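Undergrad: Going letter by letter, the sequence shown gives residues 1227 to 1347 in the working numbering.
No lab work stands behind these hints: they were computed from the structure. In this text the structure is predicted, and so the values were computed from the model without any measurement. Glycine included, C-beta positions come from ideal geometry on N, C-alpha and C. Just to be clear, a hint being listed does not mean it is correct.
[Unchecked claim] Label pairs and their calculated CB-CB ranges:
| id | residue 1 | residue 2 | range |
| --- | --- | --- | --- |
| 1 | Ala1264 | Phe1331 | 38 to 46 Å |
| 2 | Arg1336 | Ile1283 | 25 to 33 Å |
| 3 | Leu1287 | Leu1316 | 25 to 33 Å |
| 4 | Leu1289 | Ala1264 | 48 to 56 Å |
| 5 | Ala1232 | Gly1339 | 47 to 55 Å |
| 6 | Ile1228 | Gly1313 | 44 to 52 Å |
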Amino acid sequence: MINGLAALLVGQLLGEILVRALGLPIPGPVLGLVLLAAYLSLVGFGRDDVEATANGILRHLALLFVPASTGIVQHLGILSDHAIAIGFALVTSTILTLIVTVLVFRLVERLFGDPEEEAPE
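When you get a sec, could you build the whole thing from the sequences and use the hints?
TA: This is the structure:
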């Protein structure tokens, strides 16, 4: 299992290195997975280790979602007690974020100008 995990991590690392070095517009782990799949298809060495590790990770994937779900369930009383305040905070912060984004965009547009307006026709 350790060899399979090491192969998965090396694949991810190689993907990250290539993406950053070449400036590719895809996530590093995706490229790493493609590289690992190509390696395993061509060479085949370590295929059983990687398969066992991947199956073990997939079998326990739901555990990654347990902390968030447990936190919500444990604090459901607090959330329901403050539902109006939480809802108000979410809506207000979203609106304020949109307003600030528009203001910053307009400020940057004034500072740097609109290239379409300056182009001669």
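Undergrad: Taking the earlier hints as the rules, which of them does this structure contradict?
TA: Violated: hints 2, 4.
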